[in-house]
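Protein chains in written order, with this note's numbering: chain A, 1 to 607; chain B, 1 to 562; chain C, 1 to 296.
Hints in this document: simulated from the structure, not taken from any laboratory. Just to be clear, a hint being listed does not mean it is correct.
[Said to hold, decoys possible] In silico DSS-like pairs for lysine-lysine, Cα to Cα no more than 25 Å straight-line:
no.	chain 1	residue 1	chain 2	residue 2
1	A	Lys68	C	Lys12
2	C	Lys136	A	Lys77
3	A	Lys137	C	Lys264
[Stated by the list, open to error] Pair by pair, the computed Cβ-Cβ distance ranges are:
no.	chain 1	residue 1	chain 2	residue 2	range
4	A	Lys317	B	Ile392	38 to 48 Å
5	A	Glu69	C	Lys220	47 to 57 Å
6	A	Gly247	B	Pro259	49 to 59 Å
7	A	Glu239	B	Gly326	49 to 59 Å
[Unchecked claim] Here chain B is said to cover these stretches of chain A; the calculated rule only asks that three of the stretch's residues, wherever they fall, bring their Cβ under 8 Å from a Cβ of chain B:
no.	region
8	32 to 38
9	67 to 79
10	202 to 215
11	260 to 268
12	391 to 405
13	422 to 433
Here the structure is a predicted model, which is why all the values come from computation and not from measurement. Glycine included, each C-beta is placed from N, C-alpha and C at the ideal position.
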Amino acid sequence: MKRILILIILSLTTVLIYQENRRSKILPLPTEGCLSCHKSVSDPDTSHPISAFGCYSCHMGNPYSLDKERGHLTMVKNPGDLSVVGSTCGQAKCHPDIVPRVKKSIMATNRGIIKTLEYRWEKIENSNKDVEYLMAKENAGGLAIDQYRKMCGGCHLWKKRGDRQGEIGKRGGGCSDCHIIDKDRKEPIDVTKFQHPEITTRIPSENCVKCHNRSARMGLSYFGKFESEGYGTPFDGWELNQRRLSGGRFYLNLPADIHYAKADMTCIDCHTETGVMGDGTRHEYMEGQVDITCRSCHDPLFTSVKEAGEAGDLAVKLAFLNKKIDIPQEAKVGRSKKGKPMYNLQKRGDQIVFYRKKDGAPIELKIFPEKKPHHSMAGHERLSCQSCHSAWIPQCYGCHITYRKDLVQKDWLSGEKTPGQFRESRSYIRFSKPTLGINASGMVAPFSPCQVFVSVFDRKGDYVHEESLNTLTMTSFDPHTTQKGSRTCHDCHGDPKSLGFGEGILYKKEKEWRFRPTYDAQSSGMGIDFPLDAFVDINGKPAQLTSRKGARPFNQEEIGKILDVDGCFPCHVRYEDKIYEDFKQSRRRFETEKDLPCWETARRYTP
Amino acid sequence: MLGNSPKIYPIVCLFFTLIACSGPKPPEAINYKHCAACHKGIESISRNHEFECKICHLQPARQTMPFLEEHESIIRNPSDPRWVSLFCGKCHEKEIKQVQTSLHSTMAGIINQTRYLWGAQDVAFPPIYSANHALKPLPESPLHPESPAELVDDFLRRKCLRCHLHTKGPEAKGLYRATGCAACHMIYNNKGLYEGTDKAIDKHKPSYPMVHRFTKQIPDMQCLHCHNQNHVGADYEGLFEHDYSKTYRSRTTGGAPLPVIYGLDQHHLARDVHAEKGLWCIDCHSRKEIMGDGKLRGYALAVPMIKCKDCHAGFFEPAPNPSLKGITEHDGRFYFHSSYTGKTYPLTLFSKETLSHSVSLHQRVRCSACHAQWSFQDYGLSVIREDYADYIKWRKLTDQGDPYLKDFLDEQLGREKIDPPASPDWLDSRLKKGAWYTGWRFRRWEWMPLGMDQNQKYSILRPKYQYFISYVDATGYVVLDNVVPQRGDDSDLGWTFMPYVPHTTSPVGRSCESCHLNNIAAGIGVFDGSTIDTQLTIPSTPVFPSMTLMSNEAQKRLLLRK
Amino acid sequence: MESLPLMGINHKMSFCIPRISLSALLVCFISGIILTCQYYPFGNVFRNVEEITTVIPYGFFFRRLHYASGQLFVILMLIHIVDHFMKRRYKGFSVGKWAGLVIPLIICFFILFTGYILKGDKEGIYAGNIFYNILKEIPVAGETITRFVIRPGEMFFWLPYLYHVFFLPILLIFLIRDHINNWFSQAGFLLFTTAGLFIYSLLVRMPMDIPPHAKIELVKGPWFFLGIQVCLGVLPPIVAGIAAPLIFFAILLLLPGLKGHLQKAVHYGIIFLSLFYTFLVIFGYFFIKHSWVLSR
């Protein structure tokens, strides 16, 4: 018996020795256990070489282990994920100042979306909710929040990256959402050597467009893409057209923004670091965070890098990280709306140079010709650049949402399917002739519709009138369809759609302006007594709401003034015409001096 | 009392049914000659036609037979083109001949224009082919077509010609109608349900006229059974077809989807002012115009018809045309009396005082060019014939305004084992292999490009159409891949913009800027037509040489350029 | 083992368990000495442990062996005591002799607990911190006692190391010296146990060590501690961590000194408490969803 046991122990020892010897010996030992398998992985970028950083400092896990399972325990695939970023990218040694900013930024909080939804759907005035709050609280809010969770909640920095196939899977992931260049790669077959996703500060526009292609669709418009009616035409072989967007959508080609069409600029050429990643304030709306205006470049202010102190250092640092742009050590750099340095806008001597961030190519920059009559003319002080220079804006009229409580839909924040399913459909879409109005900062700006008609169905599938709602809103945003030329004078002063009445015939009868609308919303089943494209009625009474306090359509006085000018265009067609220098005076003369040549024509205007 | 009691009623019915069925009855043939035995209460067809049933509904040979065994030999519609000469010809020979030359019957406009555009014939005018025998009958496409020219006849037969006097077309809501004379003179309601007093006709089974009665009082509803979709007629009622994709099947008031009629749902836009006032189509469109005058014509604008100035006077006509039926003068004011609606309307007359009317160059502008509030602008028509079964890609596009196609696609998409596509040829009513699918680039109502009509007057143009033709054969081989056809005489692409009269009249004209200083009106296109999609908004030459696009000088004038 | 006398199964158990258990202790000692040679209680302890586990030749084996033999010893010892307890053998014991049985058990638990700390991973550090925080709660002498057991900072692992490697084992051997003399004569048991532990160590992996900086929600203590961990969630540390265990062991110790009905009542009381604690352990193992609650 004892002998057998001794024999067993001896054979077990043999097995042990064999096993130990078979274990691959890694000598010399790498600095991190990870590297014993992942021997030659490419560097994510030159600032984060694996030779210096290893894997652990970003990906965590167990760096000392040579065992796959032990080593991978508690490893994070995506260090940029906002739930871990405090111990990875944001750890004290690395970027501790940026991470808290990003967490407060609008792309992480989505405050604007949530606030507007709650305000417009449920009349909640001061909603303070954000993504982090909604992720922690399952049942915080009503229909508006449910809509957010199921329809909007798939685009924010907290979203897990790679949780799904296709475009939606590329969205989210904290820092990585923007800073990773994502090649469509299959899982590496050989773990010992693979291409580490590239980290960059020269963020390609695709990273922006993967999210910014719905709602205001700036990421599409800028590149001249307009989400089409979905015909998928012209056909391509036996397939529908290949000009496709995610979600089975198609696009048409319209004139692209001149910054793209002429200078091939990417999103980040204009959108600065603070504008995108936040400035430490938990802004209510996107426009609070954005740090540039057209004037930042076209009417720039410069400060010398040497004298700017911290801001100057930042400019040098950012230019260094960019690696393509000349470092503005000796130059002056532009200042953004909030005074942050715009390192790619530099003044060297007397020469102003704008560098393209993706490749450092210098681009000719036109300085805003403020003195030109079309810019300096009296009465145009309140015009935003966009009101004239934006050629088109995506307009989606009538957003018909069906909310069915008897069905389930995935909640993007929790990942669970919960009761209540949203389905959207529309009435029609347009791109031309953006409607104008006054935006929240008191400027004339283009508006686009967001007109929600929610039909609620209960668990039995019956329509519930009391819970259903209509909220028709016009929203102002920069369409990102800038053109060199502007819209024409009469395009604003005489076009009923631009003025906010909608398509139809604007005419004068008995010295009163009247309007015969084209769209018959009542007969079209909208349950409203004004056309879908009417922002305001002929008497200056707003027909639709806006998404910001202070934003509004033109009022009666403004409409009167705008239309007054229209009568003069057929003869006084040039900007520099004398009558526009003091139009009030000209108007007074027109009314008092009956021998003016105008009267010959004007008499005929009034039947 | 018994009948009113809901509980007892079915039992009583059952009882009588049992009695009726119980006795062993000898198989006794029904004599279908005793029409009135079943068709109790059927309406008289009209005061002028109070004949026995057999006179109209049985062939002469059968009329004398004492006994009729089968119901099938009864002719449902004696006015059908196959029978019309036999039954109606005795009295209405002249009218029948005239109708056979009318565009409603020949469809010469659609047929010859499309064939010309697709390169199948050298000219569109004079017309060569027709849907009936007035001209050469429309040929059939070869079994293996290889070019647009060879495909066009199939396209016409299966898509366009669903509306003509020889076919009932796809029977669906809003599309129910008869053939021949009855197509107009026998009123169908939108659901195709019988509403009369004939006991034998099931009032829940569609495809029956409203009542068994011929009429000259033809309401607009009847015209719209053909003149629907984005074609003149629908605009008179303010209808503009919704886009095809499922994204546009919206629920609106009360949570219900918009009603589908004529194969799709519609936007409601401003109606024609004449429609608002209650005028019918036939108040303006006369019998001669609709039913033909014996002369063969090539297109609709060539048919003599009532003009605006006939009622409203014009640049050179100080007063309405008094010879026109319904126009009266009273105390220097003019009135129009509609014999159909029975109402009298005061006529607003053309005023030379109006600024736009005072411009002498505007004498060369059609009234509709200014007074049309909106128009049908359907840009870029992609058509594909598929003989190969591949339906998944159409899952969001099953609504193409074609009820047959929708039913077919819905059925195939819900199945695991699919059939190869097949669709009816509306000219010979046979089911043929393959199906035509269509799609637009975009459709607009606010853009109105201008051009010159056959009288060199400025007129609104509409794309009609900008074809992109594809054909996939039964093996899945792409024979034609998105081909733009060439006209028969190789003069231009097979695209055209045609002058037309939008029936969207507004009492006030559009503003000066809707034409002047307006790039779209001048034919420069949206955003100068600079992209592959916006270039579609640049008009192409009309089909007929008498119609043209705007000259360069006219363009400059319109844009107030020196 | 061939000399195993014929006896009932119950008796057989009482006979075998202590012998196997002492064999396991020997294996544990030997493997422990080997590990001590590689273990360094300062600096990056986690790295040190990880190297023992995955880099140093045979390290993984001896770590597994040490872990398995230690656990086996304590579990068998526990069974041994339960065996004595259920058979009411304590009736014939003096309090002193009974203490000779119970106190080694407590010492064993402390050895396991310090071993748990010495892993140096997230769980170990948490356990150490918990232990430190509980000790500090002891009224009046808390601070002083703590200084002798565990100290935060550079020295964190040093005192537990001393206890684990020197003080407690020596104390244990001293307390069970009679047993060793009596029972540790049969080589059969030793070989049998060794073979068993070898097989186990070759086949079964160690529980994973969680890196100290990992961001994870859930950290749990050693199995025998889970009941206390559950209690810490709902009771003040002084009660859950000190008073309750102390009272329990005090009662257990005093059991032979009690008489008649009182002894009977306490006997059943101890059974009840033990079952309750077992329930807490199971509950903690399966249902605790958040980390140990240190400070509420």
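Taking each numbered hint in turn, which are not upheld by the structure, reported in ascending numerical order? Violated hints: 1, 2, 3, 4, 5, 6, 8, 9, 10 and 11; rest satisfied.
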